[in-house]
Amino acid sequence: MKMNEDLKKAQAQMKAGVITVEGFLGFDDRDIATIIQHDEEEMARLKLNWDEVAAKMHELLKKGSDGLGEPTTVDKLWLIRVDETRGTLPSPWVGEGIFHKVNCEVRRLNKEGKPEGKILLYNELSLHMFEKHHFLQGRGSHFRLEPADIKTVLGMWD
Amino acid sequence: MTIETLILQTLMVGGVSVLMAVMISIIDGIVNNYGEVVVDVNGKKQMTVKGGTKLLGTLADQGIFLPSACGGRGSCGACKCQVDSDVGPHLPTETPYMTDKELKDNVRLACQVKVKADIKVHIPEELFNIRKMECVVEKITELTYDIKEVLVRMPAGTELNYTSGQYGQFEVPKYGDIKEPTARAYSFSSNPQMKEHMEFLIRLVPGGAVTTYVHKHLKEGQKINVIAPVGDFNVKDTDAAMICVAGGSGMAPFKSIFNDFIAKGTMGQRDIWYFFGARTTKDMYYLDWLWGLDKKYEKFHFVPALSEPGPGEKWDGPVGLITNVLDDYLQNKIPNEQTKEGYLCGSPGMLDACMVVMKKNKMAEDKIFFDKFA
Amino acid sequence: MSYVDPITLLFASIFTSNILLANFLGTCSFIAISKDIGSANGLGIAVIVVLVLSSAISWPILHYVLIPFNMIYLDLFVYIIIVAAVVQALEMIIERVSPALYMSLGIYLPLIVANCAILGVVLFMEIRNYDFGQAIVFGAGSGIGWWLAIVAAAAMRKKIDKNPVPAGLQGPGITLITMGFMAMAFVGFSGILRVQ
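Residue numbers (the numbering used here), protein chains in the order written: chain A, 19 to 176; chain B, 216 to 589; chain C, 303 to 498.
The set of hints was computed from the structure by calculation and includes no laboratory data.
These numbers were taken from a predicted model, which means no experiment stands behind them.
Among these hints, one or two may not hold up.
Straight-line Cα separation of at most 30 Å, DSS-like style, residue types lysine-lysine; simulated pairs [stated by the list, open to error]:
1. A:27 / B:497
2. B:497 / A:80
3. B:497 / A:26
4. A:94 / B:529
5. B:329 / A:136
6. A:136 / B:295
Per label pair, the in silico range of CB-to-CB distance [unchecked claim]:
7. C:400 / A:114: 53 to 61 Å
8. B:297 / A:114: 21 to 29 Å
9. C:374 / B:232: 49 to 57 Å
10. B:373 / C:397: 55 to 63 Å
11. B:506 / A:60: 49 to 57 Å
12. A:60 / C:471: 25 to 33 Å
13. A:170 / B:389: 46 to 54 Å
Glycine residues also receive a C-beta, built at the ideal position from the N, C-alpha and C atoms.
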């Protein structure tokens with residue numbers, strides 16, 4: 019897909035070794051405009067609303083922070099661990115600022131209160147890219163957000 | 216097309232290419248030849264080096280290691296130093312990491328500044344003491360499902376002077392998709408009296424380049440570079456009671472501090488309250504050692520707290536968030552009149568929450584010390 | 303063609319046969335860099351230097367090596383080598399002298415190699431059989447014409463950007479249309495002199 023200047027620059031910043039050691043593209047060959055388009059279609063197909071999901075992820079990040087770096091149960095539905103490591107990450111979209119390395123791991127709890135299923139992993143930067151650019155990262159990236167996983171872990175039904 | 220023409224063609228094109236290559240080499244020699252320049256560090260050390268490389272590398276070649284978490288890519292902001300000479304305006308790669316004051320004071324990122332002429336820089340004093348050592352991994356112990364204790368042996372004859380509370384930059388080699396060695400900072404859990412070894416507690420960070428390597432690939436006997444010592448977190452030499460709070464791998468500097476006291480024979484002179492927070496008993500470690508200290512030294516009090524012990528777990532200690540337990544103890548169990556110093560190690564969120572509790576309990580802000588993240 | 307004196311040639315190559323607006327060569331970097339007047343200026347001057355140097359080096363190679371040895375068919379090959387080397391040298395010099403300009407030009411500095419205006423000018427020099435003096439003047443003049451066009455376009459784009467341009471036309475679209483209008487204006491010069 020054709021991309022404008024800003025997307026091209028952002029894609030260059032996302033390569034391994036530029037901002038993070040692993041980069042944001044995983045082993046995905048598609049350009050980021052295509053990735054975004056495919057993911058927008060997938061989210062629409064799963065009837066997930068971008069803004070609602072982003073708001074929920076912000077909320078879980080905040081509630082998870084109460085655990086002070088250790089896993090904590092939130093709303094009796096999720097086990098969340100929010101931790102922070104040294105350093106900052108600039109957004110690949112140049113000029114958008116820098117983000118602290120705050121990592122959030124969310125797991126759903128089953129009826130017995132035990133965590134089950136996939137871990138939804140995001141950080142302040144990936145959440146920003148989700149919200150502002152509808153960018154979920156390339157396949158194979160450690161912090162890729164799969165729409166299907168978002169649906170099952172967050173439990174956001176239509 | 217005769218063979219002569221073929222040869223002539225090749226010679227001619229080759230000749231033109233050579234001519235151009237010579238032109239480029241000459242220009243390269245003129246333009247990129249910065250000659251020898253003098254780097255003056257803190258007015259104390261002068262080094263004559265070949266110009267043309269970035270300041271971070273130039274200093275490292277001379278044995279002065281500025282902290283760097285990204286290997287000179289301009290994405291961590293850790294290699295700040297003050298440059299007193301004119302090296303041009305701040306680059307767009309530097310400005311996101313600078314406060315207005317830093318911009319005015321000519322603070323630069325050493326990995327972005329090219330050394331083209333004589334240059335005067337100012338770096339924090341403690342950095343003069345930092346060395347790069349090729350160590351060998353001696354033992355890896357699993358403490359919990361996501362924390363490993365890594366013991367490394369320093370090269371023979373290394374005399375490393377550090378104070379407990381400091382940290383080292385632990386460098387792992389390239390692996391998998393990661394094409395360059397990467398370094399991250401971890402506090403020493405070893406104490407300075409251990410002349411041949413250094414020890415680190417490394418907790419797995421999701422997606423973390425170094426912690427993933429340590430947990431999945433690091434082997435005993437492997438060589439690993441460590442750049443140390445760094446940091447200014449340490450115990451103040453006073454009689455005040457020490458209120459220490461840690462969680463997860465934040466135990467490391469305290470293991471170093473307590474063992475340091477024991478080795479010096481000063482353990483038991485000051486009141487020490489050590490609060491250690493975790494979620495379940497699976498996340499706790501070193502319990503035997505800490506309970507042992509609690510029993511042996513009257514003035515050492517170990518207070519572990521679980522925030523969410525499972526229904527089947529045997530736990531009769533305090534339950535709740537460590538900040539709540541801390542609050543409870545400061546109000547009800549620790550004498551109010553006693554002068555207290557706070558020592559904190561953990562994520563910024565935890566540090567902030569503990570500060571709030573400590574200040575609420577009338578502890579002076581300038582007597583609360585923590586290991587600051589860059 | 304009768305001999306064209308250097309002054310006329312200079313004027314012609316800047317205005318009436320403007321390499322960009324009359325011959326439509328070198329439009330790709332023109333569209334990309336005309337966003338910002340500072341880098342447009344920098345790139346324009348870089349193109350002038352590349353053109354003068356390339357002409358200066360290509361002319362003797364053409365007349366003292368290619369023609370005597372009957373190897374004119376290798377001209378494209380050789381010119382590209384020369385242009386690539388000149389641009390590389392210029393890149394190194396700019397990086398030393400002005401790192402800020404180097405950063406703002408980014409990829410477009412080495413892209414001058416692929417700029418068809420450069421190759422076009424050198425080939426014109428060959429086709430029209432210019433002598434050394436003419437070659438230099440033509441190179442300089444074409445460069446100045448390209449510089450003029452890109453700086454004017456940058457100034458115009460600054461004004462255009464303040465107006466509501468339809469989404470599909472933003473960026474390259476409106477720039478091409480602007481370039482078309484500029485070309486039409488320059489066509490008005492064509493009656494004055496003819497050198498091609």
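Going through the hints against the structure:
no., hint, in the structure
1, A:27 / B:497, "violated (45 Å)"
2, B:497 / A:80, "holds (25 Å)"
3, B:497 / A:26, "violated (46 Å)"
4, A:94 / B:529, "holds (22 Å)"
5, B:329 / A:136, "violated (46 Å)"
6, A:136 / B:295, "violated (40 Å)"
7, C:400 / A:114: 53 to 61 Å, "violated (27 Å)"
8, B:297 / A:114: 21 to 29 Å, "holds (28 Å)"
9, C:374 / B:232: 49 to 57 Å, "violated (18 Å)"
10, B:373 / C:397: 55 to 63 Å, "violated (41 Å)"
11, B:506 / A:60: 49 to 57 Å, "holds (52 Å)"
12, A:60 / C:471: 25 to 33 Å, "holds (31 Å)"
13, A:170 / B:389: 46 to 54 Å, "violated (35 Å)"
Violated hints, listed in ascending order, are 1, 3, 5, 6, 7, 9, 10, 13; each of the other numbered hints is respected by the structure.
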